[in-house]
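A.B. asks: Just so we're aligned: 118 in numbering that gives the first Met the number 0 is position 119 of the sequence shown, and the numbers increase by one with no gaps anywhere.
If you are wondering where the hints come from, they were derived from the structure by calculation, not from laboratory data. Here the structure is a predicted model, which is why all the values come from computation and not from measurement. Heads up, a few of these hints could be off.
As a list, the in silico EDC-like pairs of lysine to aspartate or glutamate whose alpha-carbon atoms are at most 20 Å apart [stated by the list, open to error]:
no.	residue 1	residue 2
1	228	212
2	79	124
3	79	140
4	228	266
5	228	148
6	79	48
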Amino acid sequence: MLRAMRLLVTTTPDPPDALVARARAVAERCASQYVVRRGSVARMCRDTDNDVAYVVRRTREELRAGAVSLHVHPGLFYLKREAGATHPLIRALAPPGGAPVATVVDATLGLAGDALFVATQLAVDVIGVEASPVLGALLEEGLPRMAREAGAWSAGAARVTLRRGDALDVLRTLPDGAVDVVYLDPMFETPLGAQAGFDLLRLFAEDAALSPELLAEAWRVAARRVVLKVAGTATPPGFSAGPGWNRRVRGQAVDYLVLEGELTDPEYEAPTLGDPADARG
């Protein structure tokens with residue numbers, strides 16, 4: 000099983016007390032072993048029979064496995080930003096003809112790549128939900144760091160609020176219609192191609208599949224729509240909520256299925272990939 004990977008937590012050499020305290024806190028939260036830094040990370044992993052190291056550095060925190068490392072970073076931000084309002088994710092979340100969106104729940108935050116872009120492009124507040132303790136620790140350090148960096152993404156990073164926990168449990172704490180949109184991006188069984196380090200992310204991501212219960216809670220919490228990222232060749236899930244999958248926004252490798260509650264005449268851009276009339280809740 001992926002989550003059986005053994006993780007140690009350490010620091011850079013000669014760390015100040017604050018880094019040691021942070022590393023110990025991360026280790027406790029992740030139910031992992033804190034190891035005093037001696038020598039290279041690769042050697043420490045071998046000597047302690049661990050597979051991956053979480054390293055608390057002075058400038059950032061990261062996962063390391065061999066030559067591969069992973070930390071919270073802007074990722075494909077600039078590429079997405081070039082598309083701007085025409086990007087399919089933005090068209091799915093905030094379609095032309097709809098009222099302005101103010102709040103979004105990203106119920107599957109990951110390393111916040113989509114949330115960062117959405118918060119920046121739409122100037123909205125994003126509640127990001129992450130169930131993985133390891134990814135949650137990276138986000139706890141990474142989001143404030145990116146907000147301080149004076150980059151094009153910094154204002155967006157400041158708008159993303161991290162909520163730790165299972166997506167279904169967190170959604171159940173929110174009132175009916177609490178946000179404009181709920182966004183769901185469950186882990187694909189077969190990766191469609193990814194940035195360096197994505198395999199490392201998959202080792203610690205919580206990979207719970209989309210369920211009828213999660214979708215029902217998302218629809219209850221969303222005042223306008225629920226957006227689900229799917230592979231570009233995928234048909235809709237065999238279950239839905241509210242009006243059913245009545246809108247689809249086409250991308251390149253991925254599409255966005257929508258439970259649309261605001262638009263009176265939503266467009267389903269790929270009618271051959273599931274008849275929306277057959278997918279109503």
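A.B. asks: All hints are to be evaluated individually against the structure, with a verdict given for each.
C.D. replies: Results for each hint:
1. 228 <-> 212: Holds, because 17 Å separates the two Cα atoms, which is no more than 20 Å.
2. 79 <-> 124: holds (18 Å)
3. 79 <-> 140: Measuring from Cα to Cα gives roughly 23 Å; hence the hint is violated.
4. 228 <-> 266: Holds. Residue 228 to residue 266 sits at ~16 Å (cutoff 20 Å).
5. 228 <-> 148: It is violated: about 29 Å lies between the C-alpha atoms, which goes past 20 Å.
6. 79 <-> 48: Not OK: residue 79 and residue 48 at ~40 Å, beyond 20 Å, violated.
Violation of the numbered hints given earlier is confined to hints 3, 5, 6; the remaining hints are satisfied by the structure.
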